[in-house]
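All chains should be built: construct the whole structure from the sequences, respecting the hints.
Residue numbers (full-length UniProt numbering): 1 to 651.
It is possible that part of the hints are untrue.
[As the list claims (entries may be wrong)] Each pair of labels, with its calculated beta carbon distance range: (1) T310 - D392: 45 to 53 Å; (2) D630 - M361: 43 to 51 Å; (3) T271 - T482: 50 to 58 Å; (4) M361 - T271: 52 to 60 Å; (5) K422 - V270: 41 to 49 Å; (6) P287 - N318: 19 to 27 Å; (7) N407 - Y591: 24 to 32 Å; (8) T310 - S284: 38 to 46 Å; (9) A466 - F636: 32 to 40 Å; (10) R590 - Q465: 28 to 36 Å.
Keep in mind that the hints were calculated from the coordinates and are not lab data.
Since the structure is predicted, the reported quantities are computational estimates derived from the model, not experimental observations.
Backbone N, C-alpha and C define an ideal beta-carbon position, used for all residues, glycine too.
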Amino acid sequence: MTAIPRHWRPRGSGGRAKTRPPTSPRRSCSTQRPPFDPALAERRKAAGFVGDRLRCGAGSVSKLRVTKSHSCKSFVSLATPSRGEAGEDGLNGSKGHKGLAATPELLCRQLKMARNLVKIAQRAESLVVGTYQQMMRRSASVLTMLNKMPDPGESLTVADGAFCISREQLDFGDLGRQAVLDACQGPLKKSKDLWKRLNDAVAALRARKRVDKKGATGPRKGPIPANHGMKGQKKERLIENKMVSSPYRYASKLGALCAALITQGINAAVTFAIPSKVGDGGHSYAPLDPAPLGISFEFFAFPSYLTNVTATNQCLSNWKDLTGVWPPIRIGGTTQDRASFDASTSAYVVYSVANPADAPMTLTFGPKFMTLAGTYPGSVVVGLNRGKNNIDNTIAAAKVAVAEVKNLLAIELGNEPEYYSKDGQPIARGTWNPSVDASSQVDWNIRIGSAVGKNNIIQAGNWNQAPPQWGAAQLIAKENATSKQYVRHYAHHNYPGGDIQKLQSHSQTASNVRSMFAADVAAVKQQTGKEYVLGETNSVSGGGAANVSPTFGAALWTMDYALRAAATHISRTYFHHGTVGNCQYCFWGRYSMGAPYYGATAAVALTAGARTIPALDDGSAKEGVYVVFDGEGRAFRLLMDNYLFLPGAVS
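Pasting the structure below:
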């Protein structure tokens, strides 16, 4: 006689088998699994599966959907596209791709795969955490990158659920996991309360007593009154089996709670028309630098980043592998205006601090500093001292920079000069305002440029306070033809600051870039035709904030911010890295990786090989939509950053 699988036996039935034909067995995650098929395994591997899960970004992905697999822990998967038909591996391709859509039901449907109430109750937290991790990695807020665009002229329709398409599966580690746990506390508590109520109801039903007509008490015997429609024992068993043996009721409750949390207040669909070629749609089309994202190193810490922090080369190399070009770097910051050139020293840099976490108040550097900078294969901007008002020392350093740094892009004369007066810098003694600073910059640009014998060698500006008071427009008004020939481009700094909620607002990110820089960038383009860069920027000034800068949310902000800057005609954005070991916003350190690096890498991947970028959204909503075009003006990659808020989930 054929053995009856355990999962055919109802709870509380004394082990009696249901009259279910053994010819149609029901798959049990715990007892049955299809035999290993090497050919199927190869197909799944080619499609991007890791085990029973599909790696984010495998191939050209077009639609998020739930797929059946052979694993109890199969959560949200991505169906690989293009012209695939439904196959034995469980993947459903999409014919005639017309857009992207995702709905809250995805989470609910996946959670329904659990097989019984007890197991769900015991594993509720791990199931929800696993699902949220998938949502954060693949759907997270939402990172969408397409290698295969819809046909030109089609519309991208996005239902405001969660979906993600990316080249790499981004793992945000403990920070992301903690956010998941925080977000799920409410649903977990409610679902456990539901389980308790169900158990209590069943227990009460089993032990139900009645007072008979004679006043005796005891277990219910005989039928429930006829108006209930069936005999008591039969109905009691039906109710009991319904409550105990149906995992779907509990699973759907848990799924609905989590789905409601994810999609709270987000229901409307938004449509963006994809331009068929550069210039269509009335958007502002910005040219893209081959490497629009770069790194800024604090002046005194630069040698340490290149010689003592092994991650530096690997992380920069990762971007080079994506774009084919080494990312640009800038060496500068507050300590460049505390540094003096010493031609006699054999050290990279000489300084002393009471605490390794501090930046030095004074320091010297030698020719070896410039030699080290010259080993970097990408373009380099070197910041030199203007604050001390020792132009001869700065000229000596500039000459060594030109001689040693073969990929020298520009020399930056002074860092954030609006603070010179407050910092007690000698050059700012007496009256110091934007007009005086502009005149000083014009003079220094001419003298340094002529001393090194190079045109287009100066990175001008370098303020942090908002234009137009401290901006390129007022500097250009002071310049003459002689000084303009030495200016390669104009730079500004920016640290939006605030809490993580502010950084998670796409409208605030777009507004920050637009209100701060749009007019200043336009003035530079119209009056000089030269580039505008963010020479130093990051989330929160002073090395970052512990509860903001190293978070998953900051990673999403980094991606959105860098792309919004590029779409605003800002040629390059240099993200600052401060004191090694005391830097919350750094992309990497000596022993750890920072979450913002992943967001920056996503932006690099989107722009790799592209020549033009517009923002398809107007910056007023929660969706940031960016499309990039190749050298022939064809759209070939898209990213949508769709912020899904979890109110109260993260403090």
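Checked hints:
Between T310 and D392 the beta carbon distance is about 38 Å. The supplied range of 45 to 53 Å is therefore violated. The beta-carbon spacing between D630 and M361, approximately 50 Å, falls within the hinted interval of 43 to 51 Å. At about 52 Å, the CB distance of T271 to T482 agrees with the hint of 50 to 58 Å. Look at M361 against T271: about 56 Å separates their beta carbons, and that is inside 52 to 60 Å.
At roughly 46 Å, the beta-carbon separation of K422 and V270 lies within the given 41 to 49 Å, and the hint holds. The beta-carbon spacing between P287 and N318, approximately 24 Å, falls within the hinted interval of 19 to 27 Å. Taking 24 to 32 Å as the suggested C-beta distance range, the pair N407 and Y591 conforms, at roughly 29 Å. With their beta carbons about 41 Å apart, T310 and S284 fall inside the hinted range of 38 to 46 Å.
Evaluation of the 32 to 40 Å hint for A466 and F636 yields a pass: the beta carbon distance comes to about 36 Å. As the Cβ distance of R590 to Q465 is approximately 33 Å, the hint placing it in 28 to 36 Å holds.
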